[in-house]
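Protein chains in written order, with this note's numbering: chain A, 1 to 249; chain B, 1001 to 1255.
Only part of the chain B face toward chain A is listed, based on derived beta-carbon distances under 8 Å:
1. F1057
2. P1077
3. R1079
4. V1081
5. E1085
6. G1101
7. L1104
8. Q1105
9. P1133
10. V1134
Since the hints were derived computationally from the structure, they do not count as laboratory data. Source: prediction; values computed, not measured. Just so you know, even glycine gets a beta-carbon here, dropped at the ideal spot from N, CA and C.
Next come the chains, spelled out residue by residue.
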Amino acid sequence: MIRTLALPAALLGWATVTYGNRALEVMNPALLPTPGEVAAVTVALARDGSLARDVLVSSGRIVAGFGLAAVAALALGLAVALYAPARLAVEPLVEFLRPIPPLAFLPMFLVWFGLGETSKVAFIAYTTFFPMFVAVTASLLRVDVMLLRAAASLGATRRDLLRRVVLPAALPGIVVALRLGFGLAIFVIVGAEFMGADAGLGNLIMEGRVFFNPAQIVMGALLLGVLGSLVNGLLVALERRALGGRALR
Amino acid sequence: MSARVQLEGLHKTFGVDGHAAPALSDVSLEVHAGELLCLLGPSGCGKSTLLNIVAGFLPPTRGRVLVDGAPVTGPGPERGVVFQEYVLFPWLTVAQNVEFGPRLQGAPAERCRAIAARYLHMVGLSEHAAKFPVQLSGGMKQRVAIARALANSPSIVLMDEPFGALDAQTREVLQEELSRIQRVEHKTIIFVTHSIREAVYLADRVVVLNRAPGRIKEIFTIKLPEARDRFAPEFTRYESEITRLVKEEVARVHE
Ligand SMILES: Nc1ncnc2c1ncn2[C@@H]1O[C@H](COP(=O)(O)OP(=O)(O)OP(=O)(O)O)[C@@H](O)[C@H]1O
Ligand SMILES: [Mg+2]
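Given these sequences and hints, build the entire structure.
If you want it as structure tokens, here you go:
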């Protein structure tokens, strides 16, 4: 009930503020685009096909960068959780790089990988890797030792323990890690595309700024929100499945 | 189908904040093949620690455990465990929990299901087979844990207060069930309990441990017929004799 009303209520609030501002001129109406103006820009850009291209380009970069980072975080997380020497080797490096804001490296990514796809994908992958790696490793290492004992006394081998206890026990935490990583991917794609791109939602927003078109900026932001909540919905469904019996409360 | 368990000079000391905290001190004991041995003793005297060592979860500080002459180096399916805290797999249903062992052995799905059904029936949980552990009461979880351990047909069963969370009626039903299984299957069972009545009803021998660090205070051999009558005069005699001894120990904990 509250869920279904929240979005319409927000839309109504936006409309009230912007149309109210237009009537009362509290601030320059050009700075506060109305839902109507945003819809008009959306239709215009959808017509000439550039909107679909921007959405596709950005989604492609997000999916590729996030996917690479997720695979790397899972593989390294497993190695670190299961094999102590790997942990000793990887952890200090990760803990050194992790606190450095990835934006500090963005110019380097552009120098190394050029202005094309590679630099964006690499940058997203680099940025989202760290939080996912940390969360994946923590959820693998925090599996209750009693569960491992219970399985071992039922005859589980090391392989069985991994497949039938560690992974199912850690799965909810792993899905949360993916959700965090994906949220961050949407966050950084804009930054990466600001720095130099010929297409994408970040580029669209930048254009909005350069050509002073606030409606276009708002539209770009809203589309990122839609994209993010669609994928988040997917991951939440996955999380519910991963929780299995634990979801019932 | 049963095995002999020998405890040889077991010592266990935990390191707590740099201090040595002794939990077991020189426990030597032979559990005969097919025997049901009850462990009694004040809270904190090391009963769970002893079971953990026999299960292979904890190495003893000194001494060793032999199963049919072979030293224990880790956990194994021939030693089933019923944990004091149940420890069910929360992502599996009740039936899947009970099937866990047989599945690991590679038994066909059909057979696993039949085994689970049989043991769930035994503990009175047939209607709850499809539920998840979070949906069960404490006593129900405890019964699933018992079914899960027995379904794997271990020759040795280590039970840590397995009936502790049950009401008196269910408890008696399961005691009778266990004693019936035991008359047929003659497993080697180490059974921790705080109930002296339960110990006298089930045990071939009752071992009373001292207050921490646990050492053996006394061993009673219960010479009663296999099907026991809780109201027989001999039953009551054992009960009061052991009660006196345990009270002494519990009183000393509070000195
Ligand atoms: N992992 C551990 N680390 C440190 N001390 C421990 C650990 N496990 C147990 N102990 C200590 O060892 C002693 C024996 O504990 P144990 O759990 O074996 O007692 P218990 O006889 O099973 O008690 P209860 O009847 O309450 O279950 C206690 O003093 C406890 O604090
Ligand atoms: Mg205990």
